[in-house]
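Just so you know, the sequences run in chain order W and D.
Heads up: the first sequence is residues 1422 to 1625, going by our numbering.
Heads up: the second sequence is residues 3 to 508, going by our numbering.
Some clues are possibly wrong.
[Claimed, not checked] For lysine to any residue, the following SDA-like pairs were computed, each having C-alpha atoms within a straight-line distance of at most 20 Å:
#1 D:K173 x D:V183
#2 D:K173 x W:R1515
#3 D:K173 x W:R1510
#4 D:K173 x W:A1549
#5 D:K114 x D:R166
#6 D:K173 x W:A1583
#7 D:K114 x W:R1588
#8 D:K114 x W:I1584
#9 D:K390 x D:V453
#10 W:K1559 x W:A1549
#11 D:K114 x W:A1587
#12 D:K173 x W:S1514
#13 W:K1559 x D:T199
#14 D:K390 x D:L452
#15 D:K173 x W:A1587
#16 D:K173 x W:V1586
#17 W:K1559 x D:L141
#18 W:K1559 x D:G77
#19 D:K173 x W:G1518
#20 D:K114 x W:V1586
#21 D:K114 x D:P165
#22 W:K1559 x D:P76
#23 W:K1559 x D:L75
#24 W:K1559 x D:R166
#25 D:K173 x W:Q1504
#26 D:K173 x W:A1509
#27 W:K1559 x D:A79
[To be verified] Far from chain D, by Cβ distances over 12 Å, these chain W residues were calculated:
#28 K1448
#29 F1492
#30 L1498
#31 R1515
#32 V1557
To be clear, the hints were calculated from the coordinates, so they are not data collected in a lab.
The beta carbon of each residue, even a glycine, is placed where N, CA and C say it ideally should be.
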Amino acid sequence: MKALDFGIFALSTLLVLGGGLGTVASKNPIRSAIALLVSILGIAGMFLLLAAEFLAAIQVLVYAGAVVVLFLFVIMLLGPAAQSPADARSAISRYLGAATFLLSATGVLALVLRATKGATTTLATQPAGFGTIEAVGKELFTSSIAPLEFSGALLLVAIVGAIAVARGKQPDPTLAVATPKGEEPEAAPEKAPSRRPTPKEAHS
Amino acid sequence: MTRLMAISPLLVVALGGVLLMLAEAFSHRREEGDVRHTGPSSELALGTAVTLLAGAIMAAAVWMVGPEKLETLPGLAPYYVADRFTLFFTFTICLGGALAALLAGGYLPEHKLDRGEFYPLLTFGTVGAILLAAAGDLLSLFIALETMSLAVYALTGFRRTSPRSTEAAVKYFLLGSFAAVLLLYGGALLYGATGHTDLAGIRAAIMHPAAAKPANLALVLVAAALILCGLAFKVSAVPFHMWTPDAYEGAPTPATGYMAVAVKTAAFAMMLRVLVGGFGDGALASWAAGWPPVLALLAVVTMTGANLVAGRQESVKRMLAYSSIAHAGYVLVAVATIPRASEEAQASVMYYLLAYTVSTIGAFGALVLCGSRGAEAVSYEDLAGLGKRHPAVAIAFTLFLLSLTGVPPTAGFFGKWYVAKTTIGAGLYPLAIVLLLNSALAAYYYLRVLVYMYMRDPAPGAPIAKPMRSGYVVGALVIAGVLVLALGIWPTTPIELAVQAALTAR
Chain W
1422 MKALDFGIFA
1432 LSTLLVLGGG
1442 LGTVASKNPI
1452 RSAIALLVSI
1462 LGIAGMFLLL
1472 AAEFLAAIQV
1482 LVYAGAVVVL
1492 FLFVIMLLGP
1502 AAQSPADARS
1512 AISRYLGAAT
1522 FLLSATGVLA
1532 LVLRATKGAT
1542 TTLATQPAGF
1552 GTIEAVGKEL
1562 FTSSIAPLEF
1572 SGALLLVAIV
1582 GAIAVARGKQ
1592 PDPTLAVATP
1602 KGEEPEAAPE
1612 KAPSRRPTPK
1622 EAHS
Chain D
3 MTRLMAISPL
13 LVVALGGVLL
23 MLAEAFSHRR
33 EEGDVRHTGP
43 SSELALGTAV
53 TLLAGAIMAA
63 AVWMVGPEKL
73 ETLPGLAPYY
83 VADRFTLFFT
93 FTICLGGALA
103 ALLAGGYLPE
113 HKLDRGEFYP
123 LLTFGTVGAI
133 LLAAAGDLLS
143 LFIALETMSL
153 AVYALTGFRR
163 TSPRSTEAAV
173 KYFLLGSFAA
183 VLLLYGGALL
193 YGATGHTDLA
203 GIRAAIMHPA
213 AAKPANLALV
223 LVAAALILCG
233 LAFKVSAVPF
243 HMWTPDAYEG
253 APTPATGYMA
263 VAVKTAAFAM
273 MLRVLVGGFG
283 DGALASWAAG
293 WPPVLALLAV
303 VTMTGANLVA
313 GRQESVKRML
323 AYSSIAHAGY
333 VLVAVATIPR
343 ASEEAQASVM
353 YYLLAYTVST
363 IGAFGALVLC
373 GSRGAEAVSY
383 EDLAGLGKRH
393 PAVAIAFTLF
403 LLSLTGVPPT
413 AGFFGKWYVA
423 KTTIGAGLYP
433 LAIVLLLNSA
443 LAAYYYLRVL
453 VYMYMRDPAP
463 GAPIAKPMRS
473 GYVVGALVIA
483 GVLVLALGIW
493 PTTPIELAVQ
503 AALTAR
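For reference, chain D alone in the conformation it holds in the complex (with noise of 0.2 Å):
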């Protein structure tokens, strides 16, 4: 039994998934075009939110025993690493998920896609997400990304009769598979160079060329360029981003939440343990003929272009879209001065990832709750006078928004600031410049969204956002708000409960 624990938050989730499924399959389902509000399906919602809430609280206990000092299941160990880092990634990821179940709860019932299949997706996704973070080995990790990836390819496209979503499944999946073939190939490349699937094996071998079977320098390179494509596309880095917008658009809100945060936490989680678990020392990790400086202008480049082309946006969803592949941009610069700052770097990451997760999450949560059925908020438009008409849902979204924005007592200033912080101390100011400019670039479409709802009324006869009534929505806001304000206040804790996740992962 104590050999089940320390893979216990996998379990959870996993074992109430399947319960969920069984109970959605033996409840009386009732048809699509109903107009009831309350239904078997958001009992569903409240399942899947508990359990990818207990999912996280079993991570937190788990962390609380420690688990160095549990005994894991034999066979286990390089494919799911039961340390630290994964059970940070594991409460984060699970979080997203628990806030994207609740919105689901609301949104669905409201724009009649209220079948039971969303939930079972959502949770074996965050399964194969949490099996990502936890990946030390390139077979299982592939498994995990294709677990992840597949049930997001079918939220996008849950909204069957609309052609926008189906056209963005099938942009995502056609683009996605391709990503993950390259991993693939890398993978193999890898494995052919070196002679081991699993990453300590592999960084072993890069490690030491004097051993009896020396890794192949050029085809470890290839490999790595390789796979560093396959992540770029998975975190939505700038010129790999070209999904993204249409993705996030055409898939029901409460998905899009659920990608932007669960989804991209996990495919950094697999970055990391890639990049410095596998790649993380010798010469791929040095800025002369490494993976850093690649990322470095993969930074650059996603936090500046996201911005500049987020400001010209006129949908609300598709700016978040932006806003999202900016964030990315924000983390790889974090990502980039692990080489320089190791254990710093990395909690930076893990914090942001944190902090982005609650803000990100709230400002779709606030964004579906602007909107009802027949009148959903989508252009700037839409929101125009919101603060007047219902004062309570636009001071929600505008605490998320200047969270993201970066706004002193909020979690995104921490996150920014940390990370800022840890680039200035690794003595890469150029990058740390550009992420200032960046984030005061960003004020700009997120302000907009406030000018709108505050100083714009209405054009008379144009269409407004009615806000929903949805209890699970309400929920979903108020906790994402109050971890908001409780990461920005107080951020130390969280800070140091990263950092010695980071210290374990190495």
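Pulled out of the complex, with its shape left as it was, chain W reads as follows (with noise of 0.2 Å):
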């Protein structure tokens, strides 16, 4: 059993990373999203490993299923424009920014090993039927009901938000040219003054 789970432990470890690389390493937009479904894939094995076979199902139906997917969508709806063009910024700018990160994420994982050499952390023992449907719901819509009620707020706002991001005129690119200071392109053509829009206009 202890050697399972080693494995499985292993093989998520495996996907994740090489998922979460593959995904920012990949030239082709296509690509990193198939990688990130594979990165996706291997947290949904540490959930499993975790007794939280719920949130593994979810992590599978939603993520891999629906966001990779929309993902997918766009990507392809935007065809070549999804291309990122050729890296602007200079060789030496960015290794260093990798040396920075290498050098303090080193650092980091020193400071943890040293302390935590020897000793490990055993988590409880979860009780039985810990990750299943009734038990998250029961949690959910109890000791957790608040923090759930304002994940509505979240969501609320975030449809609000993509509305107001992407309703009504589109941007011009041709207005993008030679702005005036404090002018924004968005003095578009000045429509016929004081007609006040007929509700069936207004509604089309």
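Starting from two chains that each stand alone, build the complex the way the hints lay out.
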């Protein structure tokens, strides 16, 4: 059983890390999205290992099934525009960034490893039926009801924000050149002044 | 019914937001290009302002009743802490939001951005901000932070036809998500180290290493560092401030004011909750190996860096953006003194944020009022000679700039004075000296606006700003102006209230 656990853990870790690396390293956006899918599947494996089987299923359904597919749709709709342009940063700044990141990451890793040497933290054994739909639902609607309600506000804001960003006139790329100071190109040609739109027009 | 009393400020704002959204959806929407100056959106602005002011009044009412006496809903406890600390911040946030809504009521129709989504976003962003100030658990803290941030990202990109606004929104969104992820990562590590997500439990686990499950201190330190990065980003302290000038400049001015005021106040409330509530004692709050020296360094770098760059700006809006970074630095000074002078330092943070809220929203409001469609006030030259052409507008601008500078009869002076007094009282003389030197440095660019308004004449043929006409903006400026003077002349009462609020937060 222990060996099986470790096997699942090793496999999930490989999937997560490999997928993550593929997501950021690939030049082709489709490949990035597929690598993201791999990474998400690895995370689902980790949830399984933590006895959260409902969460694992949701992870596959929502992220792998819906979110990544949405990404793929957008990438394909954009077509060649989805290709990122060549990296404009200089080699020095890129290597400097990588070096800084590696240095701080190894520093943190060393700190944690030194402090946790020899000591393994065992998590408390979860009660039977811990990760089932019933258990998660009960938790969500009893002791964690407040965060659940707060997430409602979060989703509402996300919907309204998406509408605010997407509705109405689209920016005209030809207007983007040579804008005078302080005057944004939204100064589109004025419409006929003081003509009230009839309700019919306003809703069309 | 009495159980709902404790969270009534939140409920008022949230329900008001839903009602306003429905009202907007069922009203006759008008086309964006229409030139009428009053429309459904102006009424929405008034409704939003009234809703948010009602939230502030409810907070004051609950304060008078006493939140300790009120019974709360079961299951609310660690996720929403209904204490005086929350109420004080709710009041400040709602006040800032209401004034920003009034500014929007004048600005959006004038600049043909009149779309109703602005107001629900503002209201629900405020709901997120209130939740953030009240969050006593990392879970609700993160949800609240995202609620507030998503609303603000959308507000930043509200001027969709402008490439600059879109760029600002994308930049803010990407960097903001990254900072949120750092915070979340820190929270996850903290849970791994202590086994708690509620801040009180985390504090207890760190404090009592002899407990059944001792906290892993190395992990706690790494987590604290990651969380500090996230917090510093949200309050725009200097190495993490890169997004601020672009986002503030690209956003419509009322949204900029809202970001500078309500969002920053809520971020500082979150910072106090996490640092005092979660990492409040033990090694983590010591000057030898904890967060205070980090914050002190951040404060020095933030104040000095922001003030040096602000003096070189040509755009007044960008100058105000850097000024808001500098003010975050002054507040960080007070936060860094908390381990030495607990309640008083926290109270000085709260009073400073209240004073900063009314002065900054006033300054942005005066900037809104100075410009009209096609003649927006952007650079210093636009304001040249404004004092002669439009003395009333210039006087309002002057008042708020003097308050930001910290000139005696205004709120800003007592904010700075109280922070400096606490810092000196705590024995941190170098910090106090840097704070005072920076205040003098900041006077340069605030007074430069006055020089342009009163002592320069516009170059012949140069574009000049034409003030707009809007009752909403004037109303907001009057409210802010009265508060700036009132807080400056009678600072004792709000400071006492802030001390009371800080006492219950422990």
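We went through each hint and held it up to the structure:
Proximity of D:K173 to D:V183 is assessed by CA-CA distance (about 15 Å); at most 20 Å being required, the pair is judged to hold. Between D:K173 and W:R1515 the CA atoms are separated by roughly 19 Å; this keeps the pair inside 20 Å, and the hint holds. As the CA atoms of D:K173 and W:R1510 are separated by approximately 17 Å, the hinted pair is consistent with the 20 Å bound. A threshold of 20 Å between alpha carbons decides the hint, and for D:K173 with W:A1549 the separation of about 46 Å lies outside it, so the pair is violated.
Distance restraint check for D:K114 and D:R166: the Cα-Cα separation of roughly 17 Å lies within the 20 Å cut-off, and the hinted pair is therefore satisfied. Between D:K173 and W:A1583 the CA atoms are separated by roughly 16 Å; this keeps the pair inside 20 Å, and the hint holds. Between D:K114 and W:R1588 the alpha-carbon distance is near 15 Å, which keeps this suggested pair within the 20 Å criterion. About 18 Å separates the Cα atoms of D:K114 and W:I1584, which keeps this hinted pair within 20 Å; it holds.
Proposed proximity of D:K390 and D:V453 is supported: the alpha carbons are some 12 Å apart, at most 20 Å. In summary, the hint linking W:K1559 to W:A1549 is supported, as the alpha carbons are separated by about 14 Å, within the 20 Å threshold. This hinted pair checks out: D:K114 and W:A1587 have alpha carbons roughly 17 Å apart, not beyond 20 Å. Taking the CA atoms of D:K173 and W:S1514, the gap is about 19 Å. The hint holds against a cut of 20 Å.
A hinted pair counts as satisfied when its Cα atoms are at most 20 Å apart, and W:K1559 with D:T199 qualifies at roughly 19 Å. Distance restraint check for D:K390 and D:L452: the Cα-Cα separation of roughly 12 Å lies within the 20 Å cut-off, and the hinted pair is therefore satisfied. Of the pairs offered as hints, the one joining D:K173 and W:A1587 holds, with about 17 Å between alpha carbons and a cut-off of 20 Å not exceeded. For the given pair, D:K173 sits about 15 Å from W:V1586 by alpha-carbon distance, which is consistent with the 20 Å threshold.
Under the criterion of a C-alpha separation no larger than 20 Å, the hint pairing W:K1559 with D:L141 is consistent with the structure, at around 17 Å. In summary, the hint linking W:K1559 to D:G77 is supported, as the alpha carbons are separated by about 13 Å, within the 20 Å threshold. Between D:K173 and W:G1518 the CA atoms are separated by roughly 19 Å; this keeps the pair inside 20 Å, and the hint holds. At most 20 Å may separate the alpha-carbon atoms for a hinted pair to count; D:K114 and W:V1586 meet this at roughly 15 Å.
Restraint check: the Cα-Cα separation between D:K114 and D:P165 comes to about 16 Å, which is no more than 20 Å; the hinted pair holds. Proposed proximity of W:K1559 and D:P76 is supported: the alpha carbons are some 15 Å apart, at most 20 Å. Of the pairs offered as hints, the one joining W:K1559 and D:L75 holds, with about 18 Å between alpha carbons and a cut-off of 20 Å not exceeded. In summary, the hint linking W:K1559 to D:R166 is not supported, as the alpha carbons are separated by about 47 Å, beyond the 20 Å threshold.
Note on D:K173 and W:Q1504: the hinted pairing holds, with a Cα-Cα distance of about 19 Å set against a maximum of 20 Å. For the suggested pair D:K173 and W:A1509, the alpha carbons sit about 16 Å apart, so the restraint of at most 20 Å is met. Pair hint W:K1559 plus D:A79 holds up; C-alpha atoms about 18 Å apart against a cutoff of 20 Å. Once the 12 Å rule is applied to beta carbons, W:K1448 is consistent with being away from chain D; the minimum gap is 19 Å.
At roughly 15 Å from the closest C-beta of chain D, the C-beta of W:F1492 stays outside 12 Å, upholding its exclusion from the interface. No Cβ of chain D comes within 12 Å of the Cβ of W:L1498; the nearest lies about 18 Å off, and the non-interface call holds. Once the 12 Å rule is applied to beta carbons, W:R1515 is consistent with being away from chain D; the minimum gap is 17 Å. The Cβ of W:V1557 lies farther than 12 Å from every Cβ of chain D, with a closest approach of about 14 Å, so its non-interface assignment holds.
Hint violations for this structure: numbers 4 and 24, all remaining hints satisfied.
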